[in-house]
Structure formats: structure tokens, C-alpha cells
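Quick note, the sequences are listed as chains L and X, same order. Positions in the first sequence are counted from 1; adding 263 to them yields the working numbering. Positions in the second sequence are counted from 1; adding 3 to them yields the working numbering.
Please note that the accuracy of each hint is not assured.
Heads up, incomplete: computed chain L residues facing chain X, CB under 10 Å, no partners named [stated by the list, open to error]:
| no. | residue |
| --- | --- |
| 1 | Gly343 |
| 2 | Ile345 |
| 3 | Glu346 |
| 4 | Leu482 |
None of these hints come from the bench; they were simulated from the model. Glycine included, C-beta positions come from ideal geometry on N, C-alpha and C.
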Amino acid sequence: MRNVWNIARRELYAYFSSPIAYVTMAAFLAMMGFLFWLFLIYSQQAILSYTLGSGWLFFVLILYAAVVTMRLLAEEQRSGTIELVLTAPVRDWEMIVGKYLASLILFLVMIVISLYQSFILARLGNPDLGATASGYLGFFLVGAALLAIGTLTSTLTRNQVVAAISCIAIAVALWLVQFVGERSPGTFAGDFLSQLGIFAHYFGFMDGTIDTQHVVYYLSLVAASLFLATRALEARRWR
Amino acid sequence: MIEAENLTRYYGPTRAVYDLNFHIDKGEIVGFLGPNGAGKTTTMRMLTSFLPPSGGMARVADFDVFYDSLEVRRRVGYMPETVPLYPEMTVLAYLDYMAALRQLPNRSQAVDRALEACGIGDHADRAIGKLSKGYRQRVGLAQAILHEPEVLILDEPTIGLDPRQVTEVRALIREIGREHTVILSSHILPEVSQTCGRVLIINKGEIVAKGTPQELTAQLQGAARVLVRIADAGPEAVEVLKRVDGVIGAEPAEGGAYQVSCTQGYDRRAELARAVVEQGWGLLELRSVGMSLEDIFLELTTEETPTEGALEEPPAEESEHEGEGGGGDA
Numbered sequence: 264m265r266n267v268w269n270i271a272r273r274e275l276y277a278y279f280s281s282p283i284a285y286v287t288m289a290a291f292l293a294m295m296g297f298l299f300w301l302f303l304i305y306s307q308q309a310i311l312s313y314t315l316g317s318g319w320l321f322f323v324l325i326l327y328a329a330v331v332t333m334r335l336l337a338e339e340q341r342s343g344t345i346e347l348v349l350t351a352p353v354r355d356w357e358m359i360v361g362k363y364l365a366s367l368i369l370f371l372v373m374i375v376i377s378l379y380q381s382f383i384l385a386r387l388g389n390p391d392l393g394a395t396a397s398g399y400l401g402f403f404l405v406g407a408a409l410l411a412i413g414t415l416t417s418t419l420t421r422n423q424v425v426a427a428i429s430c431i432a433i434a435v436a437l438w439l440v441q442f443v444g445e446r447s448p449g450t451f452a453g454d455f456l457s458q459l460g461i462f463a464h465y466f467g468f469m470d471g472t473i474d475t476q477h478v479v480y481y482l483s484l485v486a487a488s489l490f491l492a493t494r495a496l497e498a499r500r501w502r
Numbered sequence: 004m005i006e007a008e009n010l011t012r013y014y015g016p017t018r019a020v021y022d023l024n025f026h027i028d029k030g031e032i033v034g035f036l037g038p039n040g041a042g043k044t045t046t047m048r049m050l051t052s053f054l055p056p057s058g059g060m061a062r063v064a065d066f067d068v069f070y071d072s073l074e075v076r077r078r079v080g081y082m083p084e085t086v087p088l089y090p091e092m093t094v095l096a097y098l099d100y101m102a103a104l105r106q107l108p109n110r111s112q113a114v115d116r117a118l119e120a121c122g123i124g125d126h127a128d129r130a131i132g133k134l135s136k137g138y139r140q141r142v143g144l145a146q147a148i149l150h151e152p153e154v155l156i157l158d159e160p161t162i163g164l165d166p167r168q169v170t171e172v173r174a175l176i177r178e179i180g181r182e183h184t185v186i187l188s189s190h191i192l193p194e195v196s197q198t199c200g201r202v203l204i205i206n207k208g209e210i211v212a213k214g215t216p217q218e219l220t221a222q223l224q225g226a227a228r229v230l231v232r233i234a235d236a237g238p239e240a241v242e243v244l245k246r247v248d249g250v251i252g253a254e255p256a257e258g259g260a261y262q263v264s265c266t267q268g269y270d271r272r273a274e275l276a277r278a279v280v281e282q283g284w285g286l287l288e289l290r291s292v293g294m295s296l297e298d299i300f301l302e303l304t305t306e307e308t309p310t311e312g313a314l315e316e317p318p319a320e321e322s323e324h325e326g327e328g329g330g331g332d333a
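Bound conformation, chain L alone (with noise of 0.2 Å):
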């Protein structure tokens, strides 16, 4: 168990000790400070959920999750130094897990930081306070969904592009699987396909209310990502 927190910890070192976690933090929270700004301008209303909320953000989270994820199993699978990690005593579970851990703190600051947007309102106007932190717990729950299926693809591939881009099309087609339900609703395929969108549980935090089932959603998709990543892995040496 202390291992997850030595893998997590050394991956932190890792993201911190090159420009991955300061460019995809910058550009980050430079367009999330855009659609701030944009959508602050239109409603003139002190509401952070239009940010929070917007498709456009959502597809940034996307990116976001893709590029941070990548190198985690890939890069250590393709320079061999994966090896050394796991002939040391180290479960393989803990490994993903701690992989996983690193790039959900790396989140975490993010989200700290673009805190900011939060106290402008506070200072402009009277934004509803228990809808942004809901609408917090929701970007957070989302982020975290797709960062874990992020590990899941650099668990499966020994590069990185095609870790970020089975990442991206994974949770676009997540994201997509909504519209194809909502075609017929009513029919059990239908409303399958609309619970399963990973955007579709995003909008009930918007408005201040925290559904479990929605909680009960993205950490499902959070364990059932890591589980497969842990199988993926012990599946490679089998080959």
C-alpha cells in the first residue's frame, strides 16, 4: 500500500521535473479562463456552472486527461524501466493505482488553482455557493473518469500518441453514446445507451444537487478502468 504513494510520488517528480505539468496545466486553465471570461460577458450573472458545464470545457477535460495520462505506463513500458519496478516487490495493482494517484493530484492543483474564477463571482456579485462546489465535486468526478480511462489506454500500448488517441476516442465515444440513445428513447438499447454517456450524468451537479447514482457512476467507471489496467498489465507478461 506505501507503494502506491512511492509510485505516485516519483510520477509527481516526473511531471514536475519536465514541462508536461506546467504547459498542460497552462493551456488548461487558460481556456478554461477564456470560456470564464466569455460566458461571464454574455449571461452577466455570477454563475460558474455555464463554465463548469459547457460542452466546450468538457472537450478540453478530454485533451487534457489524454496528454497527462499517456506517458504514465507507456513510457515506462517502452524504456524497460518498467522491469525494474516490478521485480522489486511491488503488486501490479499498486503500480496502476499509483500512476493513476499522480496524475488525479496533478488534477487536484488544477482545480485549486482555477479557484479564482470562484472568488471573482464572489466579489462581483452572489454566485449560489452550493451549486459551484457541486459543480466542483461533478468536474471533479468527470476529470477523475477520464483520467482513469487515460491509464487504461497507456497501460495497453507501449506508445504514447496512440495511449492519448485511444484515450480521446474512448471518451468521445462515451461522450457520443448519449445521442444514440436518446434516438429511441424508451426501448431498453435506448435508455442503456443514454445512462452510459459520461456527459449525461455531468449536467444534475451543475444545478446543485449531488445524486448518488451519478457519484455511483464515474467512480464505477474510475474502478472498472483501473481493474482492466491492472489485468492489462498482467496480461503482458503472458505474451
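Since the structure of chain L is provided, determine the placement of chain X on it from the hints.
Same frame as chain L, now just chain X:
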């Protein structure tokens, strides 16, 4: 300390290692010798629990490499070929990370000891990516001895080093081998004969010979098969050759030549020549042809001669003393 029984490994349909059986006692230094692609790395990866065997089993310190993988990994120090390291980390940070992964109780002490043993204390604060190949190799070795493992497994520990570094690393391995069980692999004979007490020759995934370096050299050098090419030989040639003392069999080969098998360890070429000439035939060619082991032996001894063969050993020995002197000063 280490046992392998019928150890087998397939990569898909390709057979990398087949039916290996060996036993290594505590405190031995054993060399896996074989040409590239013989299955040495695969065997080592199975002993370190990195790869599961496809068949058979292996045990390290009485723990099965598959079922008790964590226990095995706690007891084994491993240095893979072309030591993969994180280039952005400093030597110190990297060794501290590996010590943390191994959950050593006193990390900084273990790291200091490994740094000193491998002579890289001066480079502790440098980024690994900026180190020379020789120093990276030492970082790999330091990482492998951090936890004072009962078993040390080194895959081609001296590959790609200059002669001076080679002798330094060999000396270090002998030093470590006094207290630990060591397995190292190599594709050059001088390397294992200098450092190892016992050698397993592996070819195409199978053990083809084992013994001390002296035993193997003696076993390998006897001429066992001889090719005789005769002009104008009669049909009785096979019979004539068979009658020679020490010859087990003879059969015609292409181009008027005959393959003659002799008792292992005896050179019968002189007797064969006399027998042919006594018949009044013309002896065109007479040479010993390698048995499979000798082929391997030749390959192993000649392949790297330009850089590392026996011929270069004397100067290398000199630089060893130099190296030791330098170490003392530092």
C-alpha cells in the same frame, strides 16, 4: 538456493526456453553462457518473477517464482541488460525511490552503502540521463544490491563497457559474490571463466553443457569428428577408415569426403592420415569439424575477440590495478 525443474517458456508459438534443469547453491557465482537469443534473458526474467514460466517451475530461496512472487522479489536483486533507468532523476533520488519501493527500514543508509560499493558516491547528485554508460551500469548494480539480496541476477553486466570498466565491474561482482549467490549472463567465454565458479551453456533455449570453466574447456577441445577428403579412393574406403584405432564410425560425405567419428577427447588425425597414405590414395584434406558444442564454443570465444577476447585480457588486467589504485585515492 535456486532450483529450476523443466523450466519452459514460450512466446506465442516461439520456444524461448525449453526444459531447463539446474540447481545453484548458496554462495555460488554461476554464469549463463550462450550466444545472443539463446534464452538467457528469458530465464533470468523467470527467476526474477518478471515473466511467468509456461511450464515447469523455478524456486528461489525455496519460494516459487510464480506462487510466491513477492517473496522471491524481496530476496532477489536484478540488473537487466542495458539497465533501463529514469533519465530525469538524479542517482540519489532514483536509488532512494528503489529503496522506498523495497520498503527498506533505513533508506539513506542503504543508499549510501550501495553508492559506495559501486563507486558512484561522487555522482550521486547528477541526473542519470547525463551519466556515461559505465556509470549507468553501476547505478543499475547499486540498485540491485540496495537491499543486500540473497540472490543477485545480472544480465550481461559488462556489455558495452570499455575494457577498464569491464575489469572494474568484474572485480565488483567477485566482491559481491563472496557473500551472495550470483547469476550472471554473458555471450563471451572469457567473461564467465574469469568470474564464475560454474557455467551453464545455453543454446536455443536448452542447456547444452554445464561444469566449471576448466571442465568445459577440456570437454570442448577434444576433436570428435574429422573430415577426410581422399582422391581416387576405392569402395573399401569406409572400411579402411573404420579400422583405424579409436574410430567409432565413418560415412561418405559429398565430394569424395568422409565423415569420421572418433572417441571423445582423442585426436586421431595422424592415424587417419597414415591409413589413407598406406593405401596409396591421395590425402586432399584432413580437418576436425566441430561438433555442436564446439561450434558454440567457437562462436562464444571468437565473436567479440576484437574488443574483448582473451587476447586483450593482459592489458585489461593492468588497468584493473590502476582502477583499484584510483579507487583508493578517491
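Hints and how they fare:
Residue-level restraint check for Gly343(L) holds (minimum Cβ-Cβ distance to chain X is 3 Å; threshold 10 Å). A cut of 10 Å between beta carbons decides the hint on Ile345(L): the least distance to chain X is about 8 Å, and the hint holds. Residue-level restraint check for Glu346(L) holds (minimum Cβ-Cβ distance to chain X is 5 Å; threshold 10 Å). A cut of 10 Å between beta carbons decides the hint on Leu482(L): the least distance to chain X is about 28 Å, and the hint is violated.
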